[in-house]
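K.L.:
Full structure from sequences and hints, please.
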Amino acid sequence: MRVLHVTLSAAHGGRRDAILTLTEHLRRQGVECGLLALRNLPSDMADVVGQVDYFEGLEIAGRPTLRELAEVRRVCRARGVDLIHAHDGGSQYVASALRLVSPSLRAVMTFHRTLGLESVGLRNRLRNAVTLPMIHKVLTATEERRSYFLNHCPISPEKVDVIPLGIDMATFHPDTTARDALRAELGLRPDTVLALAVGHCGPEKGIDRVVDAFAAARTRLGDTPWHLALLGGGAPTHLEELHRRAREQLGDRVTTAGFRTDVARWLQAADLLVHAPRLEAYGLVLIQAMASGLPVVATAVGGIPEVVEDGTTGTLVANGNDDGLTRAIVSMVEDAALRSRYGNAGLARARERFSAELCADRHRALYQHLIDHRPDGAGVTA
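Numbering (this note's numbering), first residue to last: 68 to 449.
Keep in mind that the hints were calculated from the coordinates and are not lab data.
We put the beta carbon where it would ideally sit given N, CA and C, even for glycine.
Just to be clear, a hint being listed does not mean it is correct.
As the list claims (entries may be wrong) - SDA-like, lysine to any residue: derived pairs with alpha carbons at most 25 Å apart: (1) K204 x H219; (2) K204 x D439; (3) K204 x P170; (4) K226 x L199; (5) K204 x H440; (6) K226 x R192; (7) K204 x L217; (8) K204 x R82; (9) K226 x P200; (10) K204 x R194; (11) K226 x Y215; (12) K204 x S171; (13) K226 x I438; (14) K204 x V227; (15) K204 x G147; (16) K204 x R141; (17) K226 x R431; (18) K226 x R441; (19) K226 x L437; (20) K226 x R69; (21) K204 x K226; (22) K226 x H436; (23) K204 x R83; (24) K204 x Y215; (25) K226 x S214; (26) K204 x S76; (27) K204 x D228; (28) K204 x D428; (29) K204 x I230; (30) K204 x R420; (31) K204 x E91; (32) K204 x V187.
Stated by the list, open to error - Here are the in silico distance ranges between beta carbons for each label pair: (33) R408 x T259: 17 to 25 Å; (34) Q96 x T132: 30 to 38 Å; (35) D390 x T328: 32 to 40 Å.
P.N.:
Right, dumping it as structure tokens:
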């Protein structure tokens with residue numbers, strides 16, 4: 068089985084992490100996986116070696132031209148691709164266009180978006196009306212995103228399935244050695260409760276909410292030792308303002324680490340994840356935290372209630388309930404037994420429901436079904 072994964076950009080972020088985790092584990096099951104980034108050069112993608120069988124970059128500025136579509140088809144023909152897996156609206160367009168000239172090519176699209184950037188507005192509606200009939204299956208990570216997609220796009224319910232994203236349990240897991248090392252680097256006492264907030268500085272991720280909630284919690288926590296670390300990038304001016312605000316409100320109780328590629332190590336060193344987005348499709352970091360044995364405090368938006376079990380693996384707070392967020396943080400910081408109970412339950416839930424192996428199993432089975440039911444049994448090379 069040969070699958071080509073297509074995305075607009077292979078830039079670092081949650082979508083890239085989800086794609087590469089999937090391809091890495093599909094390859095372990097014998098699926099050949101390529102990665103094509105429409106807006107990158109091959110030189111921009113050198114760090115994906117080992118996670119895909121091959122990669123291509125085209126540096127397309129806008130909507131692909133006929134010449135650029137021909138280049139994608141050349142890749143498919145050269146590699147004998149059976150199925151193309153699109154991961155955004157731009158690659159959905161490419162997949163549907165390829166099927167016009169190669170009807171036996173199978174096509175799947177994953178809808179990753181938190182915002183309605185690929186489903187709202189006249190241009191998006193027109194694109195979806197034209198392209199979705201050529202896509203065999205649309206996948207979402209949660210029932211909430213499935214419902215959203217069905218309400219905003221012209222597609223039958225039978226064509227939209229839910230497959231939760233998975234994470235590599237070999238990367239995200241408890242590790243006391245890593246915990247002690249990073250905490251020593253930060254100069255934290257052994258009894259200091261280290262909380263993390265992970266996400267870019269855009270308002271939808273709500274990192275500012277976390278900062279404000281910890282500022283409000285300072286008096287309530289009294290002498291309880293705690294520290295907050297902020298991980299994530301974003302527009303430089305916005306990031307600088309967020310970090311300045313955090314230092315003004317929290318002083319030496321906050322570390323502004325910026326964008327990090329070693330998130331797993333930070334999770335292993337922490338005691339708590341606080342995730343307070345205003346909008347969220349899934350929240351991959353929630354599963355990463357649970358797999359690392361961390362309890363979670365999160366806002367109950369989007370697909371988060373399908374990931375975090377309130378009162379079992381963490382505490383969910385209504386969106387906009389700032390005092391509720393502060394109270395949940397105080398309770399979690401003060402109660403080590405509660406953190407341990409939620410953390411253990413989250414670890415078990417992550418292993419049972421959100422492993423990369425299970426995610427890859429489900430994708431491979433879907434791919435195989437679509438390939439086996441081609442009208443002529445032939446691939447794109449026909």
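K.L.:
All the hints need checking, so say for each whether the structure fits it.
P.N.:
Evaluation of the provided hints:
1. Between the alpha carbons of K204 and H219 the distance comes to roughly 16 Å, so the proposed pair stays at or under 25 Å and holds.
2. Between the alpha carbons of K204 and D439 the distance comes to roughly 14 Å, so the proposed pair stays at or under 25 Å and holds.
3. Between K204 and P170 the CA atoms are separated by roughly 15 Å; this keeps the pair inside 25 Å, and the hint holds.
4. At roughly 10 Å between alpha-carbon atoms, K226 and L199 fall within 25 Å of each other, so this suggested pair holds.
5. With a C-alpha separation of about 13 Å, the suggested pair K204 and H440 falls inside the 25 Å cut-off, and the hint holds.
6. As the CA atoms of K226 and R192 are separated by approximately 17 Å, the hinted pair is consistent with the 25 Å bound.
7. The straight-line distance between the Cα atoms of K204 and L217 is roughly 12 Å, inside the 25 Å bound, and the hint therefore holds.
8. Distance restraint check for K204 and R82: the Cα-Cα separation of roughly 19 Å lies within the 25 Å cut-off, and the hinted pair is therefore satisfied.
9. For the proposed pair K226 and P200, the alpha carbon gap of about 10 Å is at most 25 Å, so the pair holds.
10. The suggested pairing of K204 with R194 holds, with an alpha-carbon distance near 16 Å, which does not exceed 25 Å.
11. For the suggested pair K226 and Y215, the alpha carbons sit about 14 Å apart, so the restraint of at most 25 Å is met.
12. Note on K204 and S171: the hinted pairing holds, with a Cα-Cα distance of about 15 Å set against a maximum of 25 Å.
13. The suggested pairing of K226 with I438 holds, with an alpha-carbon distance near 16 Å, which does not exceed 25 Å.
14. Annotation: proposed proximity of K204 to V227 holds, straight-line Cα distance about 6 Å (limit 25 Å).
15. A distance of roughly 21 Å separates the Cα atoms of K204 and G147; the hinted pair therefore holds under the 25 Å criterion.
16. The straight-line distance between the Cα atoms of K204 and R141 is roughly 24 Å, inside the 25 Å bound, and the hint therefore holds.
17. The suggested pairing of K226 with R431 holds, with an alpha-carbon distance near 17 Å, which does not exceed 25 Å.
18. Annotation: proposed proximity of K226 to R441 holds, straight-line Cα distance about 16 Å (limit 25 Å).
19. Straight-line distance between C-alpha atoms of K226 and L437 comes to about 12 Å, which keeps the hinted pair within the 25 Å bound.
20. The suggested pairing of K226 with R69 holds, with an alpha-carbon distance near 22 Å, which does not exceed 25 Å.
21. Distance check on the hinted pair: K204 and K226 sit about 5 Å apart at the alpha-carbon level, within 25 Å; holds.
22. In summary, the hint linking K226 to H436 is supported, as the alpha carbons are separated by about 13 Å, within the 25 Å threshold.
23. Proposed proximity of K204 and R83 is supported: the alpha carbons are some 20 Å apart, at most 25 Å.
24. With a C-alpha separation of about 16 Å, the suggested pairing of K204 with Y215 holds against the 25 Å cut-off.
25. Simply put, K226 and S214 have alpha-carbon atoms about 12 Å apart, close enough for the 25 Å limit, and the pair holds.
26. Of the pairs offered as hints, the one joining K204 and S76 holds, with about 22 Å between alpha carbons and a cut-off of 25 Å not exceeded.
27. About 7 Å separates the Cα atoms of K204 and D228, which keeps this hinted pair within 25 Å; it holds.
28. Pair hint K204 plus D428 holds up; C-alpha atoms about 16 Å apart against a cutoff of 25 Å.
29. For the proposed pair K204 and I230, the alpha carbon gap of about 11 Å is at most 25 Å, so the pair holds.
30. A distance of roughly 22 Å separates the Cα atoms of K204 and R420; the hinted pair therefore holds under the 25 Å criterion.
31. About 21 Å separates the Cα atoms of K204 and E91, which keeps this hinted pair within 25 Å; it holds.
32. A C-alpha spacing of about 20 Å is found between K204 and V187, which places the hinted pair at or below 25 Å, so the restraint holds.
33. A hinted range of 17 to 25 Å holds for the C-beta pair R408 and T259, which are about 20 Å apart.
34. At about 36 Å, the CB distance of Q96 to T132 agrees with the hint of 30 to 38 Å.
35. For D390 and T328, the hinted distance range of 32 to 40 Å is satisfied, since their beta carbons lie about 35 Å from each other.
Of the hints listed earlier, there is not a single one the structure fails to meet.
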